[in-house]
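Chains as they are written, first to last, in the numbering used here: chain A, 9 to 243; chain B, 6 to 598.
In case anyone wonders, no lab produced these hints; they're calculated from the structure.
Think of the CB as a built atom: it goes at the ideal place given N, C-alpha and C, for glycine as much as any other residue.
Don't take each hint at face value.
[Stated by the list, open to error] These stretches of chain B come out as covered by chain A in the derived footprint (C-beta under 8 Å, 3 or more residues):
#	stretch
1	137-146
2	464-475
3	488-502
4	534-544
[As the list claims (entries may be wrong)] Which bits of chain A does chain B cover? Going by a derived footprint, with three or more residues having C-beta under 8 Å, they are:
#	stretch
5	57-70
6	107-121
7	125-134
8	160-173
9	206-219
[To be verified] Below 35 Å or equal to it, Euclidean Cα-Cα: the simulated DSBU-like pairs (lysine-lysine) are:
#	chain 1	residue 1	chain 2	residue 2
10	A	Lys215	A	Lys169
11	A	Lys214	B	Lys49
12	B	Lys49	A	Lys169
13	A	Lys10	A	Lys239
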Amino acid sequence: MKGTFTLDGSEVPFHEGQTVLEAARDAGRYIPHLCAHPEFEPHGSCRVCTVKAEGRMAAACTLPAREGLAVESATDELRELRRGLVQLLFVEGNHFCPSCEKSGDCQLQAVGYALEVRSLHFPQLFPDRPLDASHPDVLLDFNRCILCELCVRASAEVDHKSVFALGGRGIDKHLIVNAESGRLADTSLSVTDTAVGVCPVGVILKKGRGFTVPLGQRTYDRAPIDAPPEKAGKP
Amino acid sequence: MSPAELSQLLHRHHGDPNRLLQMLREVQAAAGWVSPEVITELAKGLTLPRARVEGVATFYTLLATRPRGEYQVLFADNIIERFHGSVALRERLCAALGVAPGALRPDGRVSVGTTSCIGLSDQPASLLVNGLAIARLTVERVDAIAALIGQRAPLDQWPAELFHVDEPIRRAGLLLGAHLEPGAAVRAALARSSEALLEELKRSKLRGRGGAGFSTHDKWRAARDAPGPTRFVVCNADEGEPGTFKDRTLLRRQLDAVLDGMTVAAHAIGAQRGFIYLRGEYLFIAPAIEAALAARRAAHLLGRDVLGRTGFDFDLELHLGAGAYVCGEESALLESLEGRRGIPRRRPPYPVTHGYLQRPTVVNNVETFASVAHVALAGGARFAELGTERSTGTRVHSVSGDCARPGLYELPMGASVRELLDACGAEAPIQAVQVGGPSRTLLSPRELDRALCFEDLPSAGAFMVFGPQRDLLEVVASFARFFAHESCGFCTPCRVGTTQLQGAVDALVGGRGTRRDVRHALRLCALMRDASHCGLGTTAGRPFMQLYEKFKPTIERSLSSLEFRPTFDLDEALAPARALTGRDDERAHLEDP
Ligand SMILES: Cc1cc2nc3c(=O)[nH]c(=O)nc-3n(C[C@H](O)[C@H](O)[C@H](O)COP(=O)(O)O)c2cc1C
Ligand code: SF4
Ligand code: SF4
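Chain A extracted, bound-state conformation (with noise of 0.2 Å):
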């Protein structure tokens, strides 16, 4: 089965079992999100890609395509809205980005540009989350993870090794790792594994390689994310 539906008022077309925001992106047409990924399941959490389906507030990653659904995205109400999410997610943890090697390259930076966010809006919460650099190639800087669960989907199934998975419930949700030690360097992680390039923050980084290509010169800076898709930076 085959269909169109509209994204702010123009037809996208799309097939079968597909998600507004599938069906969006293979149009060439950007919805802000973090944690879907054209590889795995879609999740939801990260809430950013929410739209507006005949008057319901929905995440596009997980709405299935309709015919003929009528999808508002880029207005100011959802943009607004995209920027709540955003500011929360950035006081939720210690963004430094000056100081980040992923800055220029990651998405939660890309986004805030592309909506705008002028400032954090709501108090920092300043949560206490110490560095985990035990394993030799890897490092983890918690400070930054939004928990998108990228990596853990990414170690689970396509590694096949569950590095990563998420402990404690509510705002002291975190990312654990594989080891009664809690150390990264205690489980089965190669530096090879697709876990480790899948974060679209600056948790998981590679040891050895600080800042090799200039800032300024990094994904976003060539192409903001929300540029046509020709253009947009792809990390």
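Take the given structure of chain A and dock chain B with the ligands to it, following the hints.
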């Protein structure tokens, strides 16, 4: 726990990873905590990634992953309990035991913390000690508890009276007044074909009692029509909405009606197995349920060929939760039943087609199943005579707060708020009533003629009365704390938003709030409502929003107590005029803060 004990435990649960939460509960009960070594061993025994087991162990409030003492005391921190002095009682216990609130005493004997409502707000204040409930706390009872812990008396030697839980049924109707023979409704159901039974259910117009009011007939038919050979029936006895305790009473006084209802459901949809998911805080009810299940197996009401009907095989299992309100959400409940963290699933697909183990499953509330028994017995038309056009039958209300007679009131659907207030002896003047718990409706005194039914005030049965002496901001702060504590943490708006909202409301309660906090709070409420993944997040902002809409002066009073009032407030200058004219509606205000 010794390796031998652990391997016995694994053996008892057939090494089934779906039973992980049940195993962790048993570890907690036996060892007092779930140690890192036990997590490693369980993971090995179940061939699960260790981190997955750790993820489950750290999700549930009633599982401790650090030592919490031989005696683990958790005071219910619901607002009703607070208004009954739970904070002072907790401090008294801490002082008597020489332990800091929330901490473990250095000798490792005891810890005293808090948890959400434990379903006893008709007999406050209350606590759990090693998972067992103690209600009606007084200074004397707290001192007795301190003495028992001081003497290191084993829990099974504590006076039984301490653990007695009342069931104050003030008004009984169709459900609470019934005297049903075990199996009577199953017999009546088996006299009909499953199709005829579904037609009876349709005629009854029964709607689910868990809150959303979904048509029970439609749900069951969808499950019956879903493809696949196996089906499941699940009873949602998680009852976590603060101020709700009617499922507790139904399970203790009308258990056979509930179990009959579940068996009727099995006949209607063709299910072979079922589960009762009982909130961990109701551990004290578990033995009676296990005994009833055994009795029903002996009476051929469960097991192979139920009541001699060839091919009708159905059995039930009791599963306990471990302290997580979100597990009342049906898909989170299914995750928990499968031994995982209680994270609400993506929808679609829905449980009726992809439920327990991705098989067709009906999940219904305790009261829904009890109502089903009566539909099977007396027919749908009789049932539909009670209540209103679109809300048939009766409703069991859990009444607590400022009234003479808190307890259980079963009224026909559609009764007015005022009627229930009169029945429970609520002290006039009423300041506010919270119907359906924090996630539903805060009523002002102008709304007491509204009707308790799906057309007007949908509710999962909680009814909290607040007299004039109560600070509604404190009520809303308590609800904000509840949602922050219970958010599962899956989605951004609820995970971060509930904590931010708690911060903003606490600032207001502490007299430190500014208009900025009010603006932040309102923005957070809208964000959570519009963007959250499940009903917990979408409703978490309701208490504050409704306070703002209906009790604006309460918020403003907290602001004006600031010495450094941000600006001259034109709207507040109109307050005397509003007082004189007795108006407080939208148009009597000048601006949004
Ligand atoms: C956060 C949350 C908590 C819930 N808690 C309960 C509960 O404790 N008991 C219950 O029956 N339903 C609860 N529900 C509703 C269930 O998801 C589901 O709708 C209900 O069990 C269906 O049964 P019913 O059709 O008989 O009402 C909750 C929903 C949400 C979103
Ligand atoms: S470490 Fe990175 S990929 Fe993993 S959950 Fe955190 S932000 Fe997502
Ligand atoms: S709304 Fe809250 S409880 Fe529901 S999925 Fe999101 S974080 Fe979890």
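Each hint, compared with the structure:
1. 137-146: violated (count 0)
2. 464-475: violated (count 0)
3. 488-502: Per the Cβ count (13), the hint holds.
4. 534-544: holds (count 4)
5. 57-70: holds (count 4)
6. 107-121: Three-residue rule not met by the stretch 107-121 of chain A, so violated; n is 0.
7. 125-134: holds (count 4)
8. 160-173: Satisfied; 5 residues make the cut.
9. 206-219: Coverage by chain B is violated here, the residue count being 0 at a Cβ distance below 8 Å.
10. A:Lys215 / A:Lys169: Holds. A:Lys215 to A:Lys169 sits at ~21 Å (cutoff 35 Å).
11. A:Lys214 / B:Lys49: Roughly 30 Å between the alpha carbons, so the hint for A:Lys214 and B:Lys49 holds.
12. B:Lys49 / A:Lys169: Judged against 35 Å, a Cα distance of about 14 Å means the pair holds.
13. A:Lys10 / A:Lys239: Distance ~28 Å between A:Lys10 and A:Lys239 Cα, so the pair holds.
Checked against the numbered hints given earlier, this structure breaks hints 1, 2, 6, 9; the rest are met.
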